[in-house]
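> So you can see what is in the structure, the chains are spelled out below.
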Amino acid sequence: MMAIPTIVRERTPQLVVLAVILALNAIISPGFFSIEIQNGRLYGSLIDVLNRGAPVTLLAIGMTLVIATKGIDLSVGAVMAIVGAVAASLITSGYSLPATLAGALFVGLACGIWNGALVALLDIQPIIATLILMVAGRGIAQLITEGVILTFNDKPELIFVGSGSFLNLPMPVIIWIVLAILAILVVRRSALGLLIEAIGVNRRASTLSGVNSRVILLAVYAVSGLCAAVAGVIAAADIKGADANNAGLWLEMDAILAVVIGGTSLLGGRFSLIGSLMGAMIIQSLNTGILLAGFPPEFNLIIKAAIILIILIVQSPASQTAMANFRANRQTMAIKTESREHAAR
Amino acid sequence: MKNSKYLPLMATFVVFVLAYIICISVFPNMLSTRVAGNLLTDNAFLGITAVGMTFVILSGGIDLSVGSVIAFTGVFLSVVLRDTSIHPLVAFAMVLVLTTAFGAAMGGVIFFLDMPPFIVTLAGMFLARGISYLLTTDSVPITHPFYSTLQDIFIRMPGNGRLTLIAIIMLVVFAVGIVLAQRTRFGTYVYALGGNLTSAQLMGVPVAKTTIGIYALSGFLAGLSGIVFSLYTSAGYSLAAVGVELDAIAAVVIGGTLLTGGYGFVAGTFLGICIQGLIQTYIVFDGTLSSWWTKIVIGLLLFGFIALQRGLMWMSERSARNKRHASAAQPSSA
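So the sequences go chain by chain: D and X.
Here my numbering is used: the first residue of the first sequence is 4, the next is one more, and so on.
Here my numbering is used: the first residue of the second sequence is 9, the next is one more, and so on.
With the rest of the complex left out, here is chain X (with noise of 0.2 Å):
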């Protein structure tokens, strides 16, 4: 039983190993510490959000409005820093207090009119996505001072491989993930509540609570992976990130953890963005293939894993009828 717990995990490590060593046959140069610097660089704002993502789905939600969060946040910061002389850190905790609190009133509107998070959060989508636009339509360049500062900030790893400041970021959040999920009181509350909803609340989980953590969280990362992606852009727009939340199902998808809730590891997540991030990095290896290759590769893992899962599900399923039947065979025995 353990075993098959961590099995979709281990399944997508193998996978990310496969990966990896396709790459280096086919490209000896992608193994370099300068290839690993990039590809976290590229996908931290995905990281960032995907794990806020990992929660919601380990509860048994989903959050469609991660990508429009992160153009706001984006677009608030770029416009903020033009016409305003706050410091950009004023500006981030302004910024993260908003998205926190937009998060958590979708989680209490789930809660309280006990509607579909799919519904809610597609509303959040389009409001988050439209409240962009009407603060501007252009692309707001960022020119602070202070952005080139932090833009500047990096690790040299051996074989001369930078870690940015938002690899960094991204890192540290996984990590926090990971123990939250794994080490605290809240985390245990998101696994129940995504068991079994009925279970969770017969055993006293604050339910309400819980719901409006898990979506004030998702809406925290979202604001900081809007951070961290004007960091990289160095611009606000209100078409930035488009189909983000779509990249992040994916991600924690395919690190193995199950749709329906209650199952999975923050650290799968982190997995499956390296794997997408492998595909593209060949992509850009190769030249020749065109970046909608990516998306197709992307559908087929989606598709290969929870094909897995289904058939994890349907083993341990038949091996407790085959239990019951044995044990309903030998009474006398127990």
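Looking at chain D on its own, in the form it has when it is part of the complex (with noise of 0.2 Å):
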């Protein structure tokens, strides 16, 4: 036991799941585990996972904290849909690529801080602050689409973010990798992450032993409002082009989806990144089974439909008391058994 890191040890059955998902894959289409090189860029259904599960990711990444806060953030979705349309028409209007994603970003931050502005100060139920964005997004990045799927095929350092490579991996791999690695230091090498689980296990407690709430959770879905953002410019970047209606449709759905599955409790008060991309490379990996197997893409409601309610009984407070009386008769059983084998020695 002891050569096993922590990390795979609490993230077992993620892992289980995971590597079950993946050998099924393999068997369905045997070449699933193959990578190539071809033009300077790495091949493969692997790779295609990581490649397509990018903007789960991302939105993971940020909707782990604010579902650690005891929050939600219903807006992701939405917000990729504006940040995606900026992007589109400052780069399409002759900005430079760095103004661009200077903007689109700013963007998304803005955002996130409406969202923090609603729930830490105006202590609105995150579900609800988070629902008006949710339902005026998409009309907001119709309104700077001016209602057309604005497309920049000629632009092709935008697109760079989206099918480009580097170091032989494709670009969306590499930026949520960086910025999964980035959020993993800062939470965890600092008291941040602490400080986060604090507000989600009582916000009043943790505000009256000083923990400075308003702010925290105030840059939590700020940095959700971010993620999103980053993932909204992968998205048009990958399909050249806005559209206000579909971009990131039913993302937010998925990336809570990969939160939970990850092992965070919608409960709030601890989380695990790890858990949450492992989460997302779970969901991301299915959809890839099942277009392979050859089944109709429909299959993945009922698929996750099944999956969250599995964990939902597991999770349960109810099953959670019976696991915990299942455990404590098993160690009085085995204490028995040690003080009888005394008695007879």
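Hints listed in this document are in silico derivations from the structure and should not be mistaken for laboratory results.
Fair warning: this is a prediction, and the values are worked out from it, not measured in the lab.
Possibly wrong hints are sitting among the right ones.
[Unchecked claim] The list that follows gives simulated cross-link-like pairs (lysine to aspartate or glutamate, DMTMM-like), each with its CA atoms no further than 25 Å apart:
id: 1; chain 1: D; residue 1: 73; chain 2: D; residue 2: 160
id: 2; chain 1: X; residue 1: 217; chain 2: X; residue 2: 325
id: 3; chain 1: D; residue 1: 73; chain 2: D; residue 2: 13
id: 4; chain 1: D; residue 1: 243; chain 2: D; residue 2: 160
id: 5; chain 1: D; residue 1: 73; chain 2: X; residue 2: 122
id: 6; chain 1: D; residue 1: 73; chain 2: X; residue 2: 325
id: 7; chain 1: X; residue 1: 331; chain 2: D; residue 2: 200
id: 8; chain 1: D; residue 1: 73; chain 2: D; residue 2: 126
id: 9; chain 1: X; residue 1: 13; chain 2: X; residue 2: 325
id: 10; chain 1: X; residue 1: 13; chain 2: D; residue 2: 126
id: 11; chain 1: D; residue 1: 243; chain 2: D; residue 2: 51
id: 12; chain 1: D; residue 1: 158; chain 2: D; residue 2: 51
[Unchecked claim] What follows is a list of derived Cβ distance ranges for each label pair:
id: 13; chain 1: X; residue 1: 147; chain 2: D; residue 2: 212; range: 55 to 61 Å
id: 14; chain 1: D; residue 1: 212; chain 2: X; residue 2: 297; range: 49 to 55 Å
id: 15; chain 1: X; residue 1: 94; chain 2: D; residue 2: 191; range: 58 to 64 Å
id: 16; chain 1: D; residue 1: 39; chain 2: X; residue 2: 122; range: 46 to 52 Å
id: 17; chain 1: D; residue 1: 149; chain 2: X; residue 2: 209; range: 52 to 58 Å
Idealized CB from N, CA, C, for every residue including glycine.
Starting from the two chains in their separate frames, assemble the complex, guided by the hints.
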């Protein structure tokens, strides 16, 4: 047991599920694990899973932190649409790539701060606060694109963000891995993660014990907005255009699902970024597997519903107490046999 | 205290009247029973499901599955009517039983597993949408003659407006909903659950039965809304009614119901539906505005009403604190 790092031990269920799904994928399509280099870029189904999963993974990073504070961010899909629209309209009106990216990220940050302000300053329930932007966001995106799908086929520099490659890896993969490492370092190498969890357990108590919960809540939603912005730029660059109606549609649900699969409790108070990343990868390998198997993609929804149901049963307080009782019984049994052995000796 | 209870509802009413006055001053033609009749017909399915959503939100929960259940109902009806010779009325009964059981099951999971309604109904949303995809991914037309009979039923209002059958169904559902919320034991239980779960339990409210009942009601009304939607569109399509749950929640909030549960009125939801309908009608009359303005205006209204509710709660908290201070300062006067 000592040789296994804690992170692996804590995330065993997720790793097992991921391994099983990948193995199934490999059975369905024998070439699943083969990776080859073409035109200076890695190709293969596995790379494809990493690449296609980029938006959900990015959203899941921000969503994990939000959920850890006992919140939720429903607006991320709509923010993706807004940011995609901003990026497309900036680049087509002649701005340079850095200016476009800065503008897009700034808009995402502003959306996040808006949500954070509603939650932290006005004390509005997170579901409701972020619902406002979820409802209005796509309308705002349409306002920016003026109701059309803004394409930028002639802007290779922005397209590069979505489909280019660096060090043989696709750009989206590099972006999400770098951001994930950055996020993990920031929250786990400082007290920030602990403070976030404290707010999730009991906001009032942590405020009374000196945690500046308002600033942290604001920051958490801002980070979620920023992550959604990066995801939005990637999604837009991937299809070489901004589709205000469909960009990021229902991705907030996938991101929440990824976080929950990863073992973060929706009731707040504890979180695992690594778990959420695994959750996102599980969802994406499922999607890919269903496509490879030739099933209609509609099966996705039913499988997702089944997964949520299983997680609900496992996470529910009722079954948690049952498990605790079971373990306690086993322990007392073990102690009894031990003492019996002692007596025999 | 009595006044602050009705203030959000009154604010909604004022907004509705103002919006109507603005609409009429720009387009005098909007003051006709014909427009009113169309508004009710176009929003009938949304109104019916919003009544169910009102009960769910009053109890402090949320139901994200209603849009998918509406789509499922339409697909189920269209497939059953296409492939079998079952009479539509029997099919209606079958689908209502299914959706009611579906809602009850979600209520059961929420209560017995003690999980947040948000994630349970999210699973319900995926499941219902997935099942309708499995039934068919095509848009299936409904050509049963009974459907056209139902679609032709209407009451002629003064001024040539038509009050169609589905609009009448919606009005009846709202009337029943108001009675159910204000004049029955079940309604009292719902308010009690939303006010404070623990106190409700201690007072002897049957929490399990009420929770399951609330989500079963929401499932039933989503099924009824699906029937109305299939009458409205004469087709079943698994991609229909995407995002209706958001419109319903928005209508409930604009109608002055507190999202934390415990405060609100079914009648307010009706005004919320009418306000949404007015915005849509205005955009249709204008002709140059795009339909996405609807979403933006609804978002703004949502923000306005939530901010208003916060403001009211702050004021009532402050006045309560002031009273406490006042009574603490003069203990002998009492």
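> Can the restraint linking residue 73(D) and residue 160(D) be considered satisfied, given a maximum Cα separation of 25 Å?
violated, 39 Å
> Against the range 46 to 52 Å, how does the distance between the Cβ atoms of residue 39(D) and residue 122(X) compare: consistent or not?
holds, 50 Å
> Are the Cα positions of residue 13(X) and residue 325(X) separated by 25 Å at most?
holds, 14 Å
> Run the distance test for residue 73(D) versus residue 122(X): straight-line Cα separation, threshold 25 Å.
Given that 25 Å is the threshold and the Cα spacing comes to 16 Å, the pair holds.
> Verify the CB-CB distance for residue 212(D) and residue 297(X) against the hinted window 49 to 55 Å.
With a Cβ separation near 52 Å, residue 212(D) and residue 297(X) satisfy 49 to 55 Å, so the hint holds.
> Taking only the CA atoms, is the gap from residue 158(D) to residue 51(D) under or equal to 25 Å?
At roughly 24 Å apart (the allowed maximum being 25 Å), residue 51(D) and residue 158(D) satisfy the hint.
> Sort out whether residue 126(D) lies within 25 Å of residue 73(D), counting only the CA atoms.
Holds: residue 73(D) and residue 126(D) sit about 13 Å apart, inside 25 Å.
> Does residue 200(D) sit within 25 Å of residue 331(X), going by the straight-line distance between their CA atoms?
Between residue 331(X) and residue 200(D) the Cα gap is close to 36 Å, so the pair fails against 25 Å, i.e. violated.
> Range hint 58 to 64 Å: satisfied by the CB atoms of residue 94(X) and residue 191(D)?
holds, 60 Å
> Residue 149(D) and residue 209(X), beta-carbon distance inside 52 to 58 Å?
holds, 54 Å
> The hint says 55 to 61 Å between residue 147(X) and residue 212(D); measuring C-beta to C-beta, is that right?
holds, 58 Å
> Can you confirm whether the C-alpha distance between residue 217(X) and residue 325(X) stays at or below 25 Å?
Not OK: residue 217(X) and residue 325(X) at ~33 Å, beyond 25 Å, violated.
In this structure, the earlier hints numbered 1, 2 and 7 are contradicted, and the remaining ones agree with it.
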